[in-house]
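**Student:** In case you want the letters, here they are:
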Amino acid sequence: MDVALAVKGLQSVKIKGSSNPQLTVSSDTPDELCKSLGISAKWVSNAFKDSILFDPCMRKLVNESCGTFLSGQKLSQNLDSGGDHGPELLKLSRRYRSIIRVCLNDLYELIDKTGQNGVNQNCCYYVNVLDKIELIWHLCEILYVDVVPGDIVLPQLLEWIRFHFPQAERKAANLLETGAERVEAGFETAGSEKDPEYWKTVVGVLIQGRIDATRALLFLHSDARATAFQQADICLRTMPLYHIYGGTSPTVFNAQWIRWQADVRSKVEDGVFASNADLELVMKIVSGDVTVVDAIRSHCQEWYQLMTATLFFTEPTVKSFDLSYHADHAMRAFGRSNDIQDLDKLILLLLEANLLEVIQELQKTADNGWFAVHLTNLLYLCGRLNIFDSNKVDVAHQLHEHVLLDYGTMLMAHHSLWQVGVSYLDHCPPQGLERMEVLLSATPLISETRALKIMQIAHERRLGSVVTTVCKVMAFKSLHQERLGNALAWALRSMDANLTNHLADRFLEGFSDKGEFEATDLLNNLGSCMLASDRLTFLGKYCEFHKLYKDGNLKTAGTLLVSLLSSHLPPKNFQLILLMQTVPLLEARDLIFSANETHILLSCLEALEAELLPQVDPHSVSRPLDAPTKEKIQVIRLSLARNLSRAIIIEGSDIPNTNTRMVNVS
Amino acid sequence: MFEAHSINAEHKDLIHDVAYDYYGQRMATCSSDQSVKVWDQDDQKNWNLSANWKAHSGSVWKVTWAHPEFGQVLATCSFDRTAAIWEEIIGETPPQGERSLKTWIRRTNLVDSRTSVTDVKFGPKSLGLQLATCSTDGVVRIYEAPDVMNLSQWTLQYEINCKLPCSCLTWNHSFSRLHPPMIAVGSDDPSPSNGSKVAIYEYSENSRRWAKTESLASIGVTEPVHDIAFAPNLGRSYHLLAIATKDVRIVTLGPPTEGSSQRFDVQLTAQPEDNLSGTVWRVSWNILGTILASSGDDGCVRLWKANYMNSWKCISILRGDGTQAKSDTSVTNMPTMGQIAAPNQSSTTRYYKLGSITNPNQVQKGLAPIPISKWQPIGRFQRMTWIGSDFTSYGSPPPLEKSAKALCGKT
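Residue numbers (UniProt numbering), protein chains in the order written: chain A, 1 to 666; chain B, 1 to 411.
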C-alpha cells in the first residue's frame, strides 16, 4: 500500500476542495447571529441598510456574474443552431461557482483583517449565505447541467459531499502525513490509532467513498499486519467501483458488486474482523449492513451525507429519479423530518426535480434574487426548465423573463449598480426595453456625467424619448441655476423649440440689460444648431452681426442687419434696438447701406412705429410710446434720411462703388 | 423588512396628501392648515423642509408634481374651490452652510369650479402640459398651458359633467401612441342606487371631445370610491386600474372581444377574498406599474404584486407604526394605530424605508383619524420579488428573515 500516493491524492483534494480553515469559525459566529435573527431589531437595521448584494465586498459577485450572464446569453444564440453545448454550459456553471468561491475567499480575508469586531458579523453572515448557495449550485450542476450517460449520479454526489464536508479528508491527510513521517523515521508501524480521531476519520473518509484513503489509514494501524487487517485490505482493494467511462455496463457492475458484497458479508459473519471492534464496524458498513445505520449517522452532519453514504454501500448505481425516495428515507433515518429547514427543503426539491418550487424558494433568499436569476437563467439555457401551467402550456419562458426583469429592475434602482441592471433588462424583450425607458428617465440626474451616461445608454437602445427628457430636465436645472449657456447647450441636444426659444429670449433680455452676451463662445459657434428655433436663429445671426461689427467688417455687418430686420425673425421688442444699431453704420464715413437697403430699413421703422402707436395693452412687453422712444425714432429717421441722400448721390454718379471707397479712404 | 422614519411635518392640522417628485428626491405635503410644504432629501437621505407657504384659503386636498421637464412645478386643489399652479423660482443663493427656504410663486389660480376641488392631476407629458381637476359638483375640467414656458397662461379646454360628485381622478399614462388620452373618475357618492361610481372617459381625436366610454357596470362598483389609479402602461395591450373602495380592486381593461359592442373587455383581476384592511383610502402604483400599494382602515399599507402568471397577491403588509404586520416580533410595545391617531399627537409624516426600495418613498400619515396613506409610484423594488407561491403555507412573507434563519441555522 503506497502511503505517499494516498497522501498525494488527498492533498490534491485539499487544494481542490473548500480549503477554508475558518469554516468552523464562521459557522459558529453566524449561529449566534441566527439566534438573534428572529427577535432582534438590530439585525433588521443592519441588514437593510443595504441588502447583502449591495455591500461593497459583494460588488465583485454582482459584476462578475453579470459578465458570465452575458456570455451565457451569447451562447444561447448558438444554442438554436443545434450541436452539443453541454461542455460550454458546464463551464458556465463552473464559472458562476468560482465567482462565488472568489467572493468567499475575499470575505475570509476581510474577516481575517478586521478581527473579531462588528463588521465581522456581517461578513460571517455573507460567508454563510454564499457557502450555502454554492452547495446548492453544485448539486444543481450535478443533477441538471452536467448530465452523465446512464444517469448514474452517485459518484458525483459523493464528490459533492466531499467538497462541502472536507473535515474528514483533511484529518485523514494529517494522519497520513504524520504516519508516513513515523514510518520514515524507522518505527515499525505508524501506530496512528493512538490519535483519538483515528477511527472517526477512517469511517469519515469511508462513507465519503474514499476507499484508497481508508486503506491507507488502516495501513497505519499498529495491527496492520494482523490477519483481520490484511483481510479488510483485500476486501477494500477488490471492491468494484463504478466509473461512468470504465467500460462496464451497470448490469455487469451490479453482478460484480453483489458477488463482492456477499463475500464481505460472509467474512463479517465468520468473525474474521472480530478481533477489532472498530474494524468490524467498518467492514459492516462496507458490507451494507442495515444495522449500522445509526453508527453511520453519528458520522454525518447532514441527512444528505447519510443518504449518499448508505447509497454508496447499498445501491451504487442509483438513478437520479430515485433520489427523492432515498432522500426521504435518509431524512427520516436522520431524524430530521420534523424540522425541515429551507436549505433541506431546497435540496429535497432539487432531488425531486421540482424546479419551479426551487426557484420560488430561492427568490426568498437574502441575496436579492441573485442566485435565483442566475440559476434560472442557466437551467433555462440548458433546457431543463420545463414548467407547465394548468393548461399544460410551457411557461418556462415567462418565468425566466419574469425573474430577469425583477433582478434587472432591482439593480437599476440602486444608485451605483444601475448600469449592471441595464445588461439584464437588455435580455428580456420586449418588456425589458420598456421598463428601461421608464427606469432610465427616472434615474436621478445627480451630475452631468450621470446624465451623459444615461443618454448614451438610451441612445444605443434607440430610446429617443429618454434622451430628450434627460436633456430637457438638465436644461431646466441649469436654467434654475441661472447658467444660461449650459442650459442652452442641453436644450440644443433636446431639440426642443419651445425651450430654445425661451432661452434665446433670456439671452436677448440679458443683452438689452447689460449690453453684452453671456456664453459668447457657445453663441458664436452655434453653427447649424441655431436652426432649432426661430428665436435662436435670430440670436445666432445677431451674435454674428456683433462679431462682424467688432472686427470692422461693416459692410457685411450692415447687410446682415438688413436681412435680419426684413426677415421678421427678431422679436417685436427687439426691433427698435436693432434699428438703433443701424445708426452708427448709417453715420459711418463709408457708405454702407445702398439706397435700396435704406428703403427697407425705412419701411421697417414705419411698420414698427405703426405698431407702437396704438399701444394701449399693458401686458405687452413694449413700452408705450414715451419720450425716449420717440427721440430714438427721430434719430433713426434722421440718419436714414441722410444716408439715403448719400446713397442716391453716390449711386447716381458714374463712379463705380469701388472707386468711391478709394476716394473716401484717400 | 423595512424601517419607518418619522418626519415631524409641523402641519397644524390633518395632512391630506403627500406626493413625491419624479425622482423620489423631493416631497410635497398639504394639509387642512391651508399650507403646502416641500421637503428635499439630502445626501444622507434626511428630509429637510425647503419651502412652506399658505397656498389656499381652505383645506388643501391634493398636491401633485409636474414632470421635471417642465421645471419644478406643483399643482394643488382645495376646499376654497380653486386649484393652483406653483413654480419654484430662483432665489438668491444662500451663504455657505446655510439652508435657505426656496420660493414658490403662484403662477395661476384656476377658479372655474363652484364647489370644492377634490383632485388635481397632470396629464401624460406626451400631451404637453395638461391638467385635470375634478370637483364635488361632478365636473371634470381639463386645462392646458399652450406655452409650456409660460405657466401663468392656462386655458380651460374641456369640461366634462359626470353627474355624481367626484372624489378622485387618474390619467392613463400609456407609452403607446395607439391609446387615446384616457381619464378615470371615481365618485364617493354614498348611495348604491346611483349606479357605478367609476367612469372612464376617452378623448376622441375625430370629434375633439372627451366621451364616456366605460362605466365598469359589469364589475359593480357601487360603494363610494376614495381613490383610483391607472398603472403606467409599459406596452401592455390592456390597462390596469386600481380602485380603492370598501376593498382594493384591480381591474383590467382589455381590447374588446370579437363582435362585442363594448369598448373594453373589463375583467376584475384582483379582489381580496378576506377583506382584512377594511375600507381602502388610497391606492398607488410604482413607476413600472408592477406593484400596487394600498392603505386601509386597519392602519396597514399593503403591497400587491403579480406573479409571472399574472395573478395578484399581497406580498407585504406594513403597519402604520412602522412594524411589519403578521411578524412574530411585532408584539412589542409598539403604539397601535389608535394611539397614533390620538388627537394630541403632533402632525407627523411617516415614511417607511423598505429594504426593497431605493428611495424612502413610502408615506403614511399617521395622524389622520382615518388613516390615509399615499405611496407614490416611484418605488423601485429590490426585494419581495415573488413568483406565485402561496404565502400562507410559509407564514409571513419576509424573505430574508426566513431564509437567513434557514441558511444560518445549519452548522
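One should not assume that every hint holds.
[Unchecked claim] Derived lysine-lysine pairs resembling PhoX-like cross-links, with alpha carbons at most 20 Å apart:
#, chain 1, residue 1, chain 2, residue 2
1, B, LYS102, A, LYS345
2, A, LYS477, B, LYS54
3, A, LYS194, A, LYS171
4, A, LYS345, A, LYS392
5, A, LYS200, A, LYS284
6, B, LYS54, B, LYS125
Because the hints were derived from the structure by calculation, they are not lab data.
None of these values were measured; they are calculated from a predicted model.
**Student:** Decide, hint by hint, whether the structure agrees.
**Tutor:** We went through each hint and held it up to the structure:
1. B:LYS102 with A:LYS345: Since the Cα atoms of B:LYS102 and A:LYS345 sit roughly 57 Å apart, the hinted pair is violated (cutoff 20 Å).
2. A:LYS477 with B:LYS54: 26 Å, violated
3. A:LYS194 with A:LYS171: 14 Å, holds
4. A:LYS345 with A:LYS392: 26 Å, violated
5. A:LYS200 with A:LYS284: 15 Å, holds
6. B:LYS54 with B:LYS125: 28 Å, violated
In summary, the numbered hints that this structure violates are 1, 2, 4 and 6.
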